[in-house]
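Q: Chains as they are written, first to last, in our numbering: chain S, 1 to 230; chain W, 231 to 528.
Some hints here could point you the wrong way.
To be verified - Listed below are the simulated SDA-like cross-link pairs for lysine to any residue, each with C-alpha atoms no more than 20 Å apart in a straight line:
| hint | chain 1 | residue 1 | chain 2 | residue 2 |
| --- | --- | --- | --- | --- |
| 1 | S | 134 | W | 239 |
| 2 | S | 155 | W | 434 |
| 3 | W | 367 | W | 349 |
| 4 | S | 134 | W | 431 |
| 5 | S | 210 | S | 17 |
| 6 | S | 210 | S | 65 |
| 7 | W | 367 | W | 431 |
| 8 | S | 134 | W | 303 |
| 9 | S | 155 | W | 431 |
| 10 | S | 210 | S | 5 |
| 11 | S | 134 | W | 426 |
Hints are computed from structural coordinates only; laboratory data are not their basis.
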Amino acid sequence: MVRFENVGMRYGLGPEVLRDISFSLEPGAFHLLTGPSGAGKTSLLKLIYLAERPSRGMISMFGRDTGTMPREELPPLRRRIGVVFQDFRLLDHLTVLENVALPRRVMGQTEAQYHADVEELLAWVGLGNRLNAKPPTLSGGEKQRVAIARAVVAKPELLLADEPTGNVDPDIGGRIMRLFIELNRLGTSMLIATHDQRIIERLPATRVLKLSEGRLATTNEPLQPEAMRA
Amino acid sequence: MNGINTASGLMPPDSASGTTLHTIVAVMSFLACLTLGAVLTLSRLASEWTEGLSGSVTVQLLPSPQIGGDDQLSDALRITRAWPGIFAARALSRDEAMGLLEPWLGEGNVLADLPVPQLIEVTLTPGRQVNLQGLSKSLNENVPGAHLDDHQRWNRELASFAASSEAVGWAVLLLITLATLAIVIFATQAGLQAHREIVEVVHMIGARDVFIAGEFQRHFMWLGLRGGLMGLGLATATLIAISLMWNSRDAPVGAQYLPQFVSAPQHYIWLLLVPAITGLIAMFTARMTVLRVLGRMP
Ligand SMILES: Nc1ncnc2c1ncn2[C@@H]1O[C@H](COP(=O)(O)OP(=O)(O)OP(=O)(O)O)[C@@H](O)[C@H]1O
Ligand SMILES: [Mg+2]
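Make the full structure from the sequences, and use the hints.
A: Structure (structure tokens):
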């Protein structure tokens, strides 16, 4: 569903932060993106959610070459992807409920159409009692779960998560990962960027993309199936 | 559930930049409304004074050896009333005539012995062109001592004064409009800078440019409109206060003989244009700025 061919990327006139990246993401699969800090994980995700353009190479999304697509056809493509940003990017003046509802509103849905879904989803991530709180009053782990809820509320075909366990204790980290496994079972393809070694070991990732210094080093094949029970 | 307000849109209801924009727009709109009010009044006065002072003229009867006072008055009234376009002619009593002189000569018995000329107040039929020169000539020929004062000289001076003030007023209005434009554009852009995060997040979530622009332009239109209305309210209060003062005892001597410096009701309708325009400027600036910012994103 996502294919990179010899993709390179630079910020402005700076050096290339990604070089010769080629890979593809399989529908329904669970992918991990690992690598040391500064390796280019966030930059790679930005290319996938169309926040940045590659400086060379070809990116195809859902079977279409994004380089030749007119700008006004990109929003529908973005809606098929849910993103959990590394820094959450919640809107502080909106309530938890309004933040999570945002992708549905952007699609033109009315409150009547999304309200029940949003409430149900927030209850599922354990925030059923914080619906009307504003993000600045939430803990790091709570913000993380709001960000995740926002990323999945429109039932995306592909979920990108950037260090989703970065600011939480192992307990919540484990819960978040179980959530992702559950979503994957329901049919969403996953790409999780992390350098949390425990998670890498415990996940049923079908593929691990390893970045270092802007290059894709290795592509591992599935880990042991027992990890599913973790 | 009281925190949820779907009508409020994506924008914070009141941010610091919003308050600044509000205040600036209110002040500029106040100035624009006052100037527009003054210009409209001056424009009305100028045309009234050019056409003839508020539809009234005066016939003065000076004592003449050729005719008795009563005959002189009845002849003058007869000729005037018969003249085409004259609505009414009425002889002022001695008291009324003295009342008119009082502001200039002071109250008291000084006047008692003074020969005050007999005055006839002539009202013209509104909207009709009256041949005042012909009436003047006819009075001069037929009634000794009669003299038509059509306030021509006084009128001409006032009219040219009003016209030049009006021109200055339009120039000031133009300057204020340009300043308002610049300030509203500037404040709107500053406000948008504060909301950049909203634009980016909503964009990455998959919103179309027109959706984002729509949210912002609606928000900023209301800001501009509310600011404009606040300015209009203040300006209206000020104009009404001026009108009341002009009509009161405290008005400057002679003010009551001038056509009133009061905005006509239809002027307030023109003033409504001011908030409408501030709202539209803020709206279009927000739209253009957001679309430009979005255009730089992939
Ligand atoms: N907006 C930007 N402008 C310029 N350079 C950037 C920008 N964002 C990232 N970089 C650079 O690109 C490189 C890769 O950064 P990136 O954020 O993709 O790394 P990462 O793998 O996500 O790191 P981390 O694990 O710390 O989040 C770094 O050298 C970084 O300095
Ligand atoms: Mg990163």
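Q: Of the hints given before, which are not true for this structure?
A: 6, 7, 8
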